[in-house]
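Colleague: Residues per chain, in single letters:
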Amino acid sequence: MTDATANHAPEARTRSSLLEQDERTRRRNASEKRFRTYGAVAICLAIAALVMLLTSVLGNGTSAFFQTYAKIEVTLDPEVLDPKGNRDPAEMSKVTTIGYGNLMKKAFPASLQAAGVSTEGIDDKEVGAMLSKEAPAQLRNRVLANPDMLGETIQFWALANGRIDGYLKGRVSMASAERDGNVSPEQLQLADRMRASDMLEKRFNWDFITFPDASELRPEAAGLGVAIVGSAYMMLIVLFLALPIGVAASIYLEEFAPQNRLTDLIEVNISNLAAVPSIVFGILGLAVFINYAGLPASAPIVGGLVLTLMTLPTIIISTRAALKAVPPSIRDAALGVGASKMQSVFHHVLPLALPGILTGTILGLAQALGETAPLLLIGMVAFVRDYPSWPVDGFFEPASALPVQVYNFTTRGDPAFVERASGAIIVLLIFLLCMNLLAIYLRRKFERRW
Amino acid sequence: MNTAKFTVSAIAMIAASATAAAARDNVQTAGSSTVLPYATIVAEAFGENFDFPTPVVESGGSGAGRKKLCEGVGENTIDVANSSSRIKQSDIDLCASNGVTEIMEVRIGYDGIVFASDIDGADFAFTPADWFNALAKDIVVDGEVKANDNATWADVNADLPAQELLAFIPGTKHGTREVFDEKVILAGCEESGAMEVFAEQNGGDEDKAEDMCTALRTDGVSVDIDGDYTETLARIDANKNAIGVFGLSFYENNMDKLKVATMSGVTPSTESIASGEYPVSRPLYFYVKNAHLDVIPGLQEYIEFFVSDDIAGPNGPLADYGLVSDPELAATQEMVANRTPMGPLE
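The listed protein sequences correspond, in order, to chains A and B.
For reference, each letter of the first sequence is one residue, going 1 to 450 in UniProt numbering.
For reference, each letter of the second sequence is one residue, going 1 to 346 in UniProt numbering.
None of these hints come from the bench; they were simulated from the model.
Some clues are possibly wrong.
[To be verified] Mimicking DSSO-like on lysine-lysine, the simulated pairs with C-alpha atoms at most 27 Å apart in a straight line are: (1) A:Lys324 to A:Lys445; (2) B:Lys173 to B:Lys67; (3) B:Lys183 to B:Lys173; (4) A:Lys169 to B:Lys257; (5) B:Lys208 to B:Lys259; (6) A:Lys169 to B:Lys173; (7) A:Lys125 to A:Lys105; (8) B:Lys257 to A:Lys125; (9) A:Lys71 to A:Lys202; (10) A:Lys202 to B:Lys257.
[As the list claims (entries may be wrong)] Going by beta-carbon spacing under 8 Å, a handful of chain A positions derived as facing chain B: (11) Ala137; (12) Ser176; (13) Leu217; (14) Ile290; (15) Gly294; (16) Val381; (17) Ala382; (18) Arg385; (19) Tyr387; (20) Gly413; (21) Pro415.
Beta carbons: idealized from backbone N, C-alpha and C, even for Gly.
Turn these sequences into a full structure, and let the hints guide you.
Modeller: See the structure below:
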């Protein structure tokens, strides 16, 4: 009996050998394998979503970086452009872009015929309509800047109309032109002929980065210039306010403040603020900064202040985490050799926490860069065409912001704005990518291990 | 130490700059997203032809724009509110309570509201009564009020194609919805005779009858779109059976994707709206705070430029974009030149 039981136990043990897995081990292994598959599927789904987003944005948006231009020869008739004949820019500015537009509309068919491009079967008005409405404005600025040009015949590349541009990009086809009241198949055929004789060409579009927004009549001239400047100004303000305030607050809370109910309360509130919907900060900004403090609406200063409030909790939380991660032995050692509390913090703890602080700050800035909702209430979701001047004055002048520009483009009726919205998203993504790369670089550079 | 210095200097910077906030030298406008494209076209042309800065144009809706206008007098309030519906007494009262007493009402022209479906779909010829019978919650059949259970357009009117009923209409925050309710649903309610039956049922109370007319189905046939026309277009793209409500100018920019329906036999166009044949149109306005006229540089010039013949006239850029120009533009120009504030609402 005793022998039997004694023999039985070792037998059971040998069954669970390393070579032969028992039921339980197999189950554990299977569940581990399952978990790995779940993980891989999750990653694949995330990658698929990213690829879908990028292909749709890149597919729609890359064409925004190219633009169609048409060659035109214009004789700057002094009788039309300077009726008084005194070459005074102030007098000449009485001739509006409508006058310049008429001049170009007449000159364009003529310069086509001169280049041997037949304009048969299409009237001069329709030929003139193939140019952008922005072109006369550009010509006018050139003439006003240099009145001596009057009387000369100049040749230049003018922006082509958005529909013609769409034809070269494949957005407009002969079939769609049949049904479209804004462009005719004859105009597209003429565009083909112009292309054959190098009067029409597609080039890289720097204007998309430098030009301000444009109205719905000239989508071909719409750019991101003012939005980029506005976003840059706001980021400057956020950086210069949120970083020092956030770091000072977290150093105090983490290193100096006593642990009591008050600091607990503050801590809970900071964590809460981090989760408050951003529109709430917009409401606050409208009430405090515009209505009470009297700061101007649509200005980067108000946007920057609102985004600062929004970013502060993120910075404080990440800075506190970074400070907490510095081993207490560092502080103890500093205090032990006679450093004051402040010296131990600023000479030893803060430099070690720097990578974490910088990462948190840059991620906070990136979040602020992509924010639209709070800007809606403070008047930055607007059509702004004038560049703000240099800081500090520029902070108080109207500007737009990149995510706002994306939103504005998507609400426009002309289909040409679809590519511009995606193009703006590409620019925004490039900015975000650069900021994240910077965060990674800084973290690598300053990282210490102990 | 550095941190402390940073903080102090940053706070000093704000304090210094807040007091140095210079007088605003650009015109600020806000309001209707229907008027927005016109306002941006004018702002753009104004900026390039005058020495004043380009006006800033915000959207946000007619009601929101008027509220902002009425927030008070001063540089941190807007100068002009764009509106696709007429100002309300409540707005005027709000204005008055905030010290905004003189407001100028400027009518810039007319805008048509069109009904359009996917370009490859069937042709539609509507009457307001068709829309009432398709979308109203309760309809009248053989003199009896009953819940609307029409499923296809052919159920509504045998002359229409047997296509499933689905309409994308502007949400209630849009000024366009008011016009839709008034000129299509209410008109259809009267036209089909349902109004009388409703009034009878309510003991002759016409207000209640009107409310019954404009109560729309909630079973998914009528879908409110709170976004812009681009959203309506995207929804139609996804659902080819649907009919959407658009502004004329939006339709004219997307004629290769949309097919427009006639209303009471009239095809919408700038001509048919100007002549008054096409029934669903409305005036567009902007409202100017007179107290700002001599304070904000360029404001008077901007509004005069807006209503000038070159811009708002029948051959101007606004008409190119789909605005139906106002036959009484000359009177408006005179009123703007004289800065005549609007009188009480009739």
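Colleague: Now look at each hint and say whether the structure bears it out.
Modeller: Hint by hint, here is what the structure shows:
no., hint, in the structure
1, A:Lys324 to A:Lys445, "holds (20 Å)"
2, B:Lys173 to B:Lys67, "holds (14 Å)"
3, B:Lys183 to B:Lys173, "holds (17 Å)"
4, A:Lys169 to B:Lys257, "holds (18 Å)"
5, B:Lys208 to B:Lys259, "violated (36 Å)"
6, A:Lys169 to B:Lys173, "violated (37 Å)"
7, A:Lys125 to A:Lys105, "holds (7 Å)"
8, B:Lys257 to A:Lys125, "holds (25 Å)"
9, A:Lys71 to A:Lys202, "holds (11 Å)"
10, A:Lys202 to B:Lys257, "holds (26 Å)"
11, Ala137, "holds (5 Å)"
12, Ser176, "holds (4 Å)"
13, Leu217, "holds (5 Å)"
14, Ile290, "holds (5 Å)"
15, Gly294, "holds (5 Å)"
16, Val381, "holds (6 Å)"
17, Ala382, "holds (4 Å)"
18, Arg385, "holds (4 Å)"
19, Tyr387, "violated (10 Å)"
20, Gly413, "holds (4 Å)"
21, Pro415, "holds (7 Å)"
In summary, the numbered hints that this structure violates are 5, 6, 19.
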